[in-house]
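**Q** Sequence:
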Amino acid sequence: MSEPELLLYRSNLLGSDLRVTNFGGGNTSAKVKMRDHLSGEDVDVLWVKGSGGDLGSIKLDGFSTLYMDKLQALKKRYRGLAHEDEMVDYLPHCTFNLNPRAASIDTPLHAYIPKAHVDHMHPDAIIAIAACADSRRLTEVIFGGQLGWLPWQRPGYDLGLKLEALATSQPKLKGIILEGHGLFTWGDTAKSCYEITLEMIRLAEQWLAENIKQPVFGGVKTLTLPPEQRAALAARLMPALRGRISAGERKLGDFNDSAAVLEFVASNDLAKLAALGTSCPDHFLRTKIRPLVLDFDPAQPDVDKLLAGLDRQLSDYRADYTAYYERCKRANSPAVRDANPVIYLIPGVGMLSFAKDKATARIAGEFYINAINVMRGANGVDTYVGLPEQEAFDIEYWLLEEAKLQRMPKPKSLAGRVALVTGGAGGIGQAVARQLLQEGACVMLTDIDAGALEEAKQALIKVGGKDCVASVQGDITSEAQVEALLSATSLRFGGLDILVSNAGIASAAPLEDTTLEIWNRNQNILVTGYFLVSRGAFRLMKQQKIGGSMVFVASKNGLVASAGASAYCTAKAAEIHLARCIALEGAAIGVRVNVVNPDAVIRGSRIWDGKWKEERAASNKIEADNIEEFYRQRSMLKLSVLPEDIAEAVYFMASDKSGKSTGNVLNVDAGNAAAFTR
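Numbering (the UniProt record's numbering), first residue to last: 1 to 678.
It is worth saying that the hints were derived from the structure and are not from the lab. Don't take every hint at face value.
[To be verified] Quick list of in silico lysine-lysine cross-link-like pairs, BS3-like style, CA-CA up to 25 Å: (1) K404 / K356; (2) K75 / K31; (3) K356 / K466; (4) K31 / K76; (5) K59 / K31.
Full structure from sequences and hints, please.
**A** Here is the structure:
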C-alpha cells in the first residue's frame with residue numbers, strides 16, 4: 001500500500017472498536033512526500049482526518065491534505081490564545097492539490113509533532129486515567145515515562161504548539177495524555193504508530209483491571225428489572241417523553257440496557273457521578289452538560305407515578321440548563337439552544353437518548369456508555385473529575401461549533417418522523433416505505449409473511465440505513481400482536497407520527513359463491529385489522545400530544561361496486577368510512593386521517609401474482625397475461641398505475657404538504673369517472 005492507503009487502513013482498524021475511539025471521534029495523520037503539481041518538486045504533505053469524518057468508515061477522500069511548509073509558516077501568524085479561532089481560517093490557504101475536504105480544528109495537533117505518523121484516540125481506559133484528579137502522577141506510574149502529560153486545554157493552535165514542545169524536548173516519548181481528553185501516540189511508520197496506540201491502551205486497561213476498587217460505583221443500590229419489564233417500561237415511557245421534548249423539533253429515541261448501563265443505573269453513585277457530567281469534549285458535545293436521572297424505584301415499579309412526575313423533572317432540568325447558560329455565556333455567545341436533556345437514566349431499567357434523528361440518538365447513547373466506562377475506571381482508582389463548567393460551556397457554544405451547525409443541510413421534510421407501514425412486504429408497502437425513508441422518516445415495517453418481510457427490510461436498509469428501518473412480523477387481526485407491534489415501534493424509535501394502513505388481500509366470486517369464510521377474511525383483514533392498528537396508533541399519538549397522520553390505502557372499489565367482488569368492495573368501503581370517523585375524532589388532537597384509492601396496481605403486487613389475477617381476468621373475459629393492458633386501456637388516461645404512484649400520494653397525505661387536509665380521499669387510478677368522489 002501507499003502511505004495514504006496505509007493511513008486509511010490504520011484509521012479503519014482503529015475506528016472499528018468503540019473502546020479505542022468513539023464514533024466520529026479521534027484523528028489520524030501521516031506526513032507524506034508527494035509530487036507538487038505546481039512546481040513538479042517533492043514536498044511534505046500532511047494527510048489528516050478532515051472535519052466531521054468517522055475513522056471506522058472514512059475513505060481516502062475523507063482526509064485533508066496540507067502543505068507542511070505552509071503549516072510551519074502559520075506560526076508567524078499566531079497572535080496568542082485570544083486569537084485562536086482565526087487560525088482555523090488560515091488552514092484552507094495551506095491546502096495541497098485543491099483538496100475540497102475541510103481541515104479539522106485538530107490539524108495543528110498533528111502537524112507540529114515531529115513524527116511521520118500520529119494517532120489521537122479517545123480510549124475509555126486512557127480517558128479514565130486522564131479524568132482522575134491525580135492523572136499526572138498516575139500517567140507516570142502506569143506508563144513508566146513512555147507517555148508525557150499535558151493539563152486540560154481546549155483543542156486549538158496553542159495546544160498544537162505545546163504538543164510540539166513536549167514531544168521535541170523529550171524525544172523518547174511514545175505519546176502524550178491530555179488531561180480529561182484523550183491520547184496522542186506517534187511512530188515512524190504506520191504500523192509502529194498503530195501498535196504503540198494499542199499497546200498504550202492495553203497497559204491502561206490492564207492497570208485499571210488490577211487496581212480498580214470493588215464494588216464499582218459504590219456498590220448496588222437498586223435491583224434491576226427483568227428484560228421484558230425493562231423493555232415494556234421503556235416502550236411506555238418513550239412516547240410520553242418524546243411528546244414533551246418535541247416542541248421545537250421532533251426527536252427520535254433509543255433505548256439501551258447493556259450491562260455497562262445497568263451496572264451504572266443500579267449503583268449507589270449514580271446521582272453523584274451523573275451530576276458531574278462527562279470529561280472528554282467529544283462525549284460532552286453529544287450528551288449535553290449532564291443527563292437527567294429519572295425518579296423511579298424499581299423495587300416499587302409505579303409507571304404511572306413516573307409518568308406523572310415527568311413534567312416537573314423536565315421543567316427542573318430546563319431551568320437548570322438555562323441557569324448554566326446564563327452563568328457561563330460570553331458577550332458573543334450564540335443564543336441558548338434546546339434546554340431538554342439528551343440522556344435519560346432510569347434506575348434498574350437502562351438509558352434513553354433522544355436527538356433529532358435515530359442515528360444521532362443511538363450514537364449519543366454510545367458516547368454516554370464511553371463516559372460510564374471512564375467514570376467506572378477513574379472513580380475505581382482515584383477521584384473522577386468532570387469537565388469544568390465554564391470549559392464545557394465554551395466548547396458547547398464555541399463559535400466554530402456554531403458555524404458548523406449553521407452549515408448543516410436543511411432537514412428533509414419528514415426528518416424526525418416515525419412511520420409504521422402495514423403490509424410492508426408488498427409492492428405498494430415497499431414503495432411507500434422507500435418514499436418515506438427518502439424524505440427522512442424512520443420506518444417500521446410489518447407483514448404477516450416473515451420471509452418476504454425480511455427481504456423487504458434488507459432491501460430498504462440499502463435506502464435508509466440500519467438505524468432508520470426495522471420490522472416486526474405480525475397479524476393485524478390479532479389485538480395482542482397489534483399492541484406488541486406498536487410497543488416495538490415505540491421502543492425502537494420513541495413513538496409514532498405516521499400510520500400507513502396498507503395490509504391487503506383481494507378476492508372475487510359471484511355472490512352465490514361467496515362463502516362466509518371469504519366474507520369474514522375480507523372483513524377481518526381490511527376492516528378489523530385497520531381498526532385495531534388505527535386505534536392503537538390513535539392512542540399513541542394522543543399520548544404524545546404532537547399530532548400525527550394516518551393514511552389508509554383503500555381502493556377504487558371502496559367507491560365503485562364491482563360485480564363478483566362483494567366481500568372485497570364492502571370491506572374497502574368500510575375502510576374509507578372508518579377513516580372519516582377517525583378524522584372526526586382526530587382533528588381535536590391534531591391527527592389527520594386521509595385515504596388513497598389505487599386501482600389495478602399490478603406490477604410488484606403479491607395480490608395480483610396469485611388467484612386474484614385469474615379471478616379478475618375471468619370476470620372480465622380476458623386472458624390473465626393481458627390483465628395490465630386491459631386496465632390501462634380502461635383508464636381515462638390510458639396509463640398503468642404503479643406502486644411508486646401510490647407512494648407519492650401517501651407521502652403527500654402523510655406530510656405537512658397536506659397539513660390542512662383530513663377526511664379526504666385521493667384517487668390514484670389513471671382516471672375512472674365512476675370513482676369521482678362526491
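**Q** All hints are to be evaluated individually against the structure, with a verdict given for each.
**A** Structure-based check of each hint:
no.	hint	in the structure
1	K404 / K356	holds (16 Å)
2	K75 / K31	holds (18 Å)
3	K356 / K466	holds (16 Å)
4	K31 / K76	holds (21 Å)
5	K59 / K31	holds (17 Å)
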